[in-house]
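Number of protein chains: 4
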Amino acid sequence: MIVVMQARASDQDVQHVIERIEELGLKAHPSRGIERTVIGVIGDERLIKREQLLLLPRVDDVIPILKPYKLASREFRPNDTVVDVSGVKIGGPNIVVIAGPCSVENEEQILRTAEGVKRAGARLLRGGAYKPRTSPYSFQGLGVDGLKLLALAREKTGLGIVTEVMESAEVETVAEYADLLQVGARNMHNTKLLRSLSRLKKPVLLKRNFSATLNEFLMGAEYLLSGGNDNVILCERGIRTFVDYSRNTLDLNIVPAVKQLSHLPILVDPSHGTGRQNLVLPMARAAIAAGADGLMIEVHPTPAEAFSDGEQSLTLDAFDRLMKEVRSVAGVLGRTVS
Amino acid sequence: MIVVMQARASDQDVQHVIERIEELGLKAHPSRGIERTVIGVIGDERLIKREQLLLLPRVDDVIPILKPYKLASREFRPNDTVVDVSGVKIGGPNIVVIAGPCSVENEEQILRTAEGVKRAGARLLRGGAYKPRTSPYSFQGLGVDGLKLLALAREKTGLGIVTEVMESAEVETVAEYADLLQVGARNMHNTKLLRSLSRLKKPVLLKRNFSATLNEFLMGAEYLLSGGNDNVILCERGIRTFVDYSRNTLDLNIVPAVKQLSHLPILVDPSHGTGRQNLVLPMARAAIAAGADGLMIEVHPTPAEAFSDGEQSLTLDAFDRLMKEVRSVAGVLGRTVS
Amino acid sequence: MIVVMQARASDQDVQHVIERIEELGLKAHPSRGIERTVIGVIGDERLIKREQLLLLPRVDDVIPILKPYKLASREFRPNDTVVDVSGVKIGGPNIVVIAGPCSVENEEQILRTAEGVKRAGARLLRGGAYKPRTSPYSFQGLGVDGLKLLALAREKTGLGIVTEVMESAEVETVAEYADLLQVGARNMHNTKLLRSLSRLKKPVLLKRNFSATLNEFLMGAEYLLSGGNDNVILCERGIRTFVDYSRNTLDLNIVPAVKQLSHLPILVDPSHGTGRQNLVLPMARAAIAAGADGLMIEVHPTPAEAFSDGEQSLTLDAFDRLMKEVRSVAGVLGRTVS
Amino acid sequence: MIVVMQARASDQDVQHVIERIEELGLKAHPSRGIERTVIGVIGDERLIKREQLLLLPRVDDVIPILKPYKLASREFRPNDTVVDVSGVKIGGPNIVVIAGPCSVENEEQILRTAEGVKRAGARLLRGGAYKPRTSPYSFQGLGVDGLKLLALAREKTGLGIVTEVMESAEVETVAEYADLLQVGARNMHNTKLLRSLSRLKKPVLLKRNFSATLNEFLMGAEYLLSGGNDNVILCERGIRTFVDYSRNTLDLNIVPAVKQLSHLPILVDPSHGTGRQNLVLPMARAAIAAGADGLMIEVHPTPAEAFSDGEQSLTLDAFDRLMKEVRSVAGVLGRTVS
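These protein sequences, in sequence, are chains A, B, C and D. Taken in order, the first sequence gives residues 1 to 338; the numbers are from the numbering used here. Taken in order, the second sequence gives residues 1 to 338; the numbers are from the numbering used here. Taken in order, the third sequence gives residues 1 to 338; the numbers are from the numbering used here. Taken in order, the fourth sequence gives residues 1 to 338; the numbers are from the numbering used here.
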């Protein structure tokens, strides 16, 4: 932490800050510059709060130096984490594609989709049983019946299941069925849910909130890691900006940024990230080119009939095309898709 | 709903859309323009999904006409809703100030704050017992012990209690203690929590998520109203923008916008909204001038020692000054503060 | 400037940075912490570029300490600057209102507006002769003829004239007519224009760009001040965010922030800031309550007939109402409006 | 244009709007729905202004149907435009890379860079002679001397020259030297400059403003096209969002969106778009995968010594690596890079 004094701070003001730093059990290291004095704080700055220094007289600013996350950082763990989802490895050289409908609607829909996406090369099946919807009048998911249909699809196709869990009270139930539990963007800040999931051994897919900074995103992962669950996979799914031609702004820049700062794998969801069917394919290719470890794609046999998010769902044919193109781009980067 | 056809759509394409609209049980009303044809959809557009028409051939766009919320709209209820919080009326001519610390820390702190803010004119006491924190290493609140301390403060001062509830499993416990249950910004989209609260009779304070549009904010209220709880109070608390001199960007424009579109009362929280002690007073005055029905202010006896959010907390003296200035501005608008 | 080394930096890496700092003519002041070393740079950091240190091996970050602006800062000039616009003082205890149409359209329109806004209490008349329009098919202003009509309105009413100048080649012409030259939001970054204006003695109104940070805004002012023109007035007019119920998001938080960091006066334009007639009045009151030194308001005798920006223009009657309310709010803050 | 009436609008209110539409020379086409009436406006809606209808009594909203741009739209010109820049074709199957330093600094720097980027496969040389800088204390470019050095580099290497023009007064001078004139992000809204450039026959590279919507971006192009200059190339270079780990947020989503709506070629500048050296390579690959027609890359022989933007500049070696990877990704899409 660096304390920046105001230009008009007196020697006494500086002394006062130094004493406070020492009272807090840390060491102070002042540098008197020409225009102002700055004071370095030596010791674990995570033990004190910025305000303890910021609110002292004639303090202009207090600048943190250390990243707020530890376990999620590449400094802590230099090698890439590879998460095993019921035998499917995410974070290694192989790129993994998760595909399926926004919501599980009925047996025919989920089986038909599962078989189709498997044939095209997806390794995991997504499908929502509990749905966080903006409107109370929209379809809210089939609940446990949806989970059972997902389990049936797994049985028939061998695909592992990825599905969202919305609150800590449901963690146990969802964990019974899912191979990979998804925390949706709206719940990235739900610390109760994160704490419950941190006590599981099952892997967790943490989607970025639409307004989360990189620090906040990695702090969400830190909740999971610090509770003892090392099986964390990140997922970018679009942020909220002024842009209006896509429902969200898919932020691919975060992919190489995460790779530099963290050891965790990161996927990209161009379906939610753009909200438009006709942007999904080019942005899926771009995600792989940017270095993503995999994709999450919404697929529906008949998008116009989907109970939710039809606007951004691909048909099975379009998904097949996407897989082919993604495979080519992956090949160029020396990665496989299988 | 208005279906806009592409310029190159043929008569047959238009006919196809009309048939689909009729199949869905609604009426179509085409207008052939010079550059393109648009088709009005007559009937309750909330019964169909945009995608059912958007994904048809040669459709360029589908534009909703109706607002997605009903019960929260001023068209549904033209007169201002006044919510009674244990005798304190919010939404009428009187402006109500809620004040207190970010977190309940101990008996001395909460009692001293409660007495101080009451003396200055606050009518309700805020204080967090369950805290959603960005870092797993930060103080997470005292839990039930915090609720008990709040109840003690109520007993000693007569101030009603406002405190946050973080998940549906805790609604019952929090409702035992609180006079007004707060849904924090991070939980505005937590539909499970909103559904639980909609079955209570107790009033709910719904804070705007940092990236919520006005429609999404009112849809959060719609969850509460549609479940049967009419006692909903909105609260603006800052949005996420590119701006970096305030922690959030307090968006006062939403105050008159809500007043035009909805009958619900709206408060403003300039403490979280700006994140900076020295912006709280001017923005509190501005909030009242913009037409807010009240304020929510963080106050701490010794902000530099606060367990959380000290940077934006006022001292008791500063809060007293704020109340005086707020009262003057309110007077000019023909409103009281008591 | 503070150089933060990576955790894995060796003593040699640190030494290398120190040597580079000294080569650049500054002094280095290293602090070896537990997790990493930071190096303070003593001397005028504005003389070197961040990259000169950031790109050295094992450097994690380089954090500037000094603000990039000097002449615009309150540290440089502690007292409020008061700018004299042909006898109207802006920045003192008196609040000044600038009003008028978006574009000058014809003699009748500008004279009728000028007389109306003067009667209601405006001190300066705004009106665009050169208009930066999003569409090449929209009305682009009357040019010099517009300036002449403004001069005529000044002659008839005694109101000083505020009008936009769009490029350096037009500065001389506009300066002949205007009492206060306006740099529009789209031109805040136009350094050629700012340099030309910095050589004038006439006052300049600098509007904030829709995506300008506070630092960038004050750096725009620094261009004017550093060229020798001290007569700079700032104006907030709305920023670009995800919000869609107002055309822009009027950011009143910048008003107290500017007051703390700078000595320059700041006005608020709630007409462009919200883009909606029915938000102008409440946000004008709020701007004054937040501490603004004045307002800029679009007024048109018949908004529905305006050549531009009718959606946000007030009628003369509505403006009269606004002035009355603004005067009351100003009174509460111990300020006058005249 | 669609006029949406308020729910409480009477028949008379509707009649009043219809009459006004007819007075304006257009036809009205009302649809009486269950909850409200909407009125379609038949005719060229670009001839009237929204406010002419919006401000009538009981009108709730006026929704434009037509896009504001014509000449830039794919409906107007279905085939891709290919722009010829002194023999280098942009917009066809071949991907073109523009590379060079942010600023021209001296003969040795520009020649060494030109030779290096040519060797690696760049077809055009970028370099700023006139620089729009945030700070008046920063290097503002060599002006005409910079243009002469660029011409010298062209002579020695055969690379065409891309350089920025900052105001209409300089168009003639810059056009003498440049093969492709660049409008920087800060000038995308500079309509005077756009009009001057629209009268040239030379190609123009229009960079997206950091807060421009897609409509505004294409309207900038429309200024150029409507003035008679068909040689327009778009360039995405990052937008302003809340994200803080990249200097801007490179918005690749706009690439496929432009391809769908417009016939104009679009390049991507990942150097400005991310502002970080170590994000440039992955985002360059991603841009090509998203469908961009080319790249603009900052390259400097010694980035730490650059007069400007060193933080985001690649060394010649890094640029060579980038070209190799970009070529591979392009190959997968059936495109060449030469």
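I should point out that these hints are in silico values taken from the structure, not numbers from a laboratory. Possibly wrong hints are sitting among the right ones.
Heads up, the list lumps identical chains together, so a pair's fine if it works in one copy or across two of them.
Derived EDC-like pairs: lysine to aspartate or glutamate, alpha-carbon spacing no greater than 16 Å straight-line [as the list claims (entries may be wrong)]:
hint, residue 1, residue 2
1, K89, D230
2, K70, E35
3, K148, D317
4, K192, D320
Taking the hints in turn, this is what the structure says about them:
1. K89 x D230: within (14 Å within a copy, 49 Å between copies)
2. K70 x E35: between (34 Å within a copy, 11 Å between copies)
3. K148 x D317: neither (26 Å within a copy, 55 Å between copies)
4. K192 x D320: Neither way: K192 and D320 sit 39 Å apart in one copy and 36 Å across, limit 16 Å.
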